[in-house]
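Trainee: If you want the building blocks of each chain, they are given just below.
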Amino acid sequence: MKMTPRAVVIGSLTILAAVVFVTIWVPWVTRQTTPSEIYRERTELEAAGRRLYIANGCVYCHTQSIRTIDWGMGAERIARVGDYIADRPILLGSSRTGPDLSQEGGEHPDDWHLAHFINPRYTRPNSIMPPFAFLGTEKIDTLTAYIQGLGMQQADRRMARQRRWKNEAVRAYEAGPEANVAWLNQHVPQGWRDLPNPYPTSPAGLARGRKLYQDFCLGCHGPVGDGVGPVQPWIYPPPLNFTVLKGRETSGGILYYQIMNGITGTAMPYFKKDLESEKIWDVGNYVAEYFIDQSDANTEPRGIDAAYEP
Amino acid sequence: MSATGKLQPEPYETARAFCITSAFWMVVATFMGLLGATELIAPDIVRIGWLHFGRIRPVHVNLVLFGFVTPGLLGAVFYFVPRLLRTELYSERLGLVTAGFWNIALVAAVSTLLAGATQGREYAEMIWPVDLLVVMVFILVFINLIMTVARRREPLLYVSVWYACAAIALTGATYVLGNVVWVPDTGSLVGIPDAILLWFYGHNIFGLLLTPLSLGVAYYVIPKACRNPLYSHTLSLVGFWSLFVVYTHIGTHHLLQVPVPTWLKVISIVDSIGMVIPVMVVLINLWYTAQGRLGEIHADVGAKFVFTGTIMYFFASIQGSMMALPQVQRVTHFNNWVVGHAHIGVLAFSGMIALGGLYFVLPRIAGRPLHSRLLADLQYWLVLLGSAGFAVVLTIVGLIQGQAWLNGETVYRVLPSLYPYYVLRASLGAILFSSAVIGFYNVFRTLYGQRGAAA
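First to last, the protein sequences are chains A and B.
Note that our numbering gives residue 419 to position 252 of the first sequence, counting from 1, and the numbers run on in steps of one.
Note that our numbering gives residue 452 to position 447 of the second sequence, counting from 1, and the numbers run on in steps of one.
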């Protein structure tokens, strides 16, 4: 074959044109434009927040692309074509340096996001996300509006839940520690309230609990469990001071339930995805032993002796 | 010499301009990489808004692609195209103007991206006015090359010339398409088709720009350094055409776990495996050309860079084909394995060849030997150590992340186990930044130093 300039340039451009026709043009004209069942339009504020998301390169560390094999946040719903029909540009992302955000909306209340944007290590001590305090609170609020819309109609349902429970939580907090603890405990199912921590307090277990506390809890509840971690100025109701739990019927089961499920409406997130069962019991024991100064670990009812006991 | 004669650019002025452009921007690009890697281990170290990770990450990537590697390869192209065609470059003045605009485009890209003016599409971040500048410089390069071809005194076009002309023409076209320049405000399509187009374009920056230019340089440098004719003209033809047929199909392998049409995923997987053909055909051709003559390769530091680059091409491509397999991708997707792969491809393959081409042509365009062969050798070993280190460290990080996620661990839970590897990655970044500084010094002294010049 004789390679003339024409053959090289026209030939390669013809190949490109053919490939573009098949792999770009055909998918474009056959694209699906029906919205999915969770789709809704973004508000103007959310659209402005999305522009901030793009401007600050959030897409480099956060995907918006839930796969069939995912377990993490948002994995309840696998992404569909109809979720993305208004995304220009689409922000699937290519790396999970941080978690996927497809269904982030309503996972936390707005004040948690404010503290988290100011410095992510306030709420998540091991986070490697940049601090976004430089944006200022107004832009952070705009960005938060976008984040709280991720998940569209599902996010809206979660946000409605956050708002409803926030009202109750604020009322309970303002009624004083006695009423607050009563309110907190009363929403835990009875079975959990009657359940002591089945794991005996051991030095090894406490050491594990301490490590977990530092990695997950310290930012809000503080190094000594008095609720004045670095997050405290930014959220309301403020983080719980554990000492108010003493003598107020807070069982190991209640601690477990609240850590596992979180307290919707407050900045207390759920940890069931981050922590397995033993870890939640361990951190509960640590909090009870060191901060509440009152532990029901390994008391009746205990059931059949557990095989793990020394 | 007449008064007007002094205003005429000297031969190879364009090649010199692109060489120094590449050497300079390699310093900036690797610094951005080092800074980003440092922020991943110490996220509170920089509190300046325009220097946080989300801003410098696209600057690093775009500078490596368009500031370091592409100009480096073009530095060699602007030398060998006229040589191979037994003529002079169509216009050195146009070439210098092109290099000037190229640098203006890079400064514009860096400042807009740092300011947060971005289209948010990976590899296609640059905003519309910068896009136009980039398209313009590609058109200027193409005019200069094709006019040189038109005025050639050598009737036969050597394979390096095919690759150079095709790379510039194809990239000009895919850049316009991939950046959706007919939609100036967002520079994007909407929904899933935008993802398909983006990864078509993103992958073609490697497939239609870096790879053909690198192969063009390798096809020039290796036979030249070995003083051996090319092993096979037929293999050159097969490798050239199959590259464009196969590589352009595979962008969708970035979207295997996304709801795009299944037939498109099948095409991308099949052709990703098919990439073995263009890759091995070219490598067999180049390696057989060098057979028994590795001593000559070793004797020239430029050829040493280039030959190492061809070995890295093998690793990057075979790994890339494997990564397109859905079962493999369950582990490797969305994590640092891919970042490791990118560093093998762009730094160890095309970056090495860009440096090799640059060092190979530098004594010839400067009219004197390299300022320091020792420093060039040192840079070779630092780049080799750095890129091999990236490959190992980032692959380990990717495996930790991928396996942990498959087992249901949250992203947050896995972070502490990545920390030591992130420290290693930043250390390797420091090695590469040092190598870039050394390289810039060496290139600068070779081109503009006073040593050996007539008094």
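If you are wondering where the hints come from, they were derived from the structure by calculation, not from laboratory data.
Careful, some of the hints might be misleading.
Unchecked claim - Not close to chain B: a few residues of chain A, all C-beta gaps over 12 Å, as computed:
{"id": "1", "residue": "GLY178"}
{"id": "2", "residue": "ALA184"}
{"id": "3", "residue": "GLY239"}
{"id": "4", "residue": "MET326"}
{"id": "5", "residue": "ASN347"}
{"id": "6", "residue": "ASN465"}
Claimed, not checked - Residues from chain B that face chain A, not an exhaustive set, calculated with beta carbons under 8 Å:
{"id": "7", "residue": "GLU127"}
{"id": "8", "residue": "PHE249"}
{"id": "9", "residue": "VAL263"}
{"id": "10", "residue": "GLY300"}
{"id": "11", "residue": "ALA304"}
From the three backbone atoms N, C-alpha and C, an ideal C-beta is built for every residue, glycine too.
Trainee: Work down the list of hints and note, for each, if the structure agrees.
Mentor: Quick rundown of the hints versus the structure:
With a closest Cβ-Cβ approach of about 8 Å to chain B, A:GLY178 is found to fall inside the 12 Å limit, against its non-interface label. Annotated as non-interface, A:ALA184 brings its C-beta within 12 Å of a C-beta of chain B; the closest such distance is 8 Å. A:GLY239, annotated as away from the interface, has a beta carbon of chain B within 12 Å; the closest lies near 5 Å. Distance check for A:MET326 against chain B: the nearest CB is about 22 Å away, which clears 12 Å, and the non-interface claim stands.
Chain B leaves A:ASN347 outside its interface by the beta-carbon criterion, the shortest separation being 28 Å against a cut-off of 12 Å. Every C-beta of chain B lies more than 12 Å from that of A:ASN465, the closest at about 27 Å, which supports listing it as non-interface. Taking 8 Å as the C-beta cut-off, the interface hint given for B:GLU127 holds, the closest approach to chain A being about 6 Å. Among the interface hints, the one on B:PHE249 holds; its C-beta lies about 5 Å from the nearest C-beta in chain A, closer than the 8 Å criterion.
Interface hint status for B:VAL263: upheld, as the beta-carbon distance to the closest one in chain A is roughly 6 Å, under 8 Å. Contact between B:GLY300 and chain A, as hinted, is not supported at the beta carbon level, the nearest pair being about 32 Å apart and thus beyond 8 Å. The beta carbon of B:ALA304 is not positioned within 8 Å of any beta carbon in chain A (closest approach about 31 Å), and the interface hint is therefore violated.
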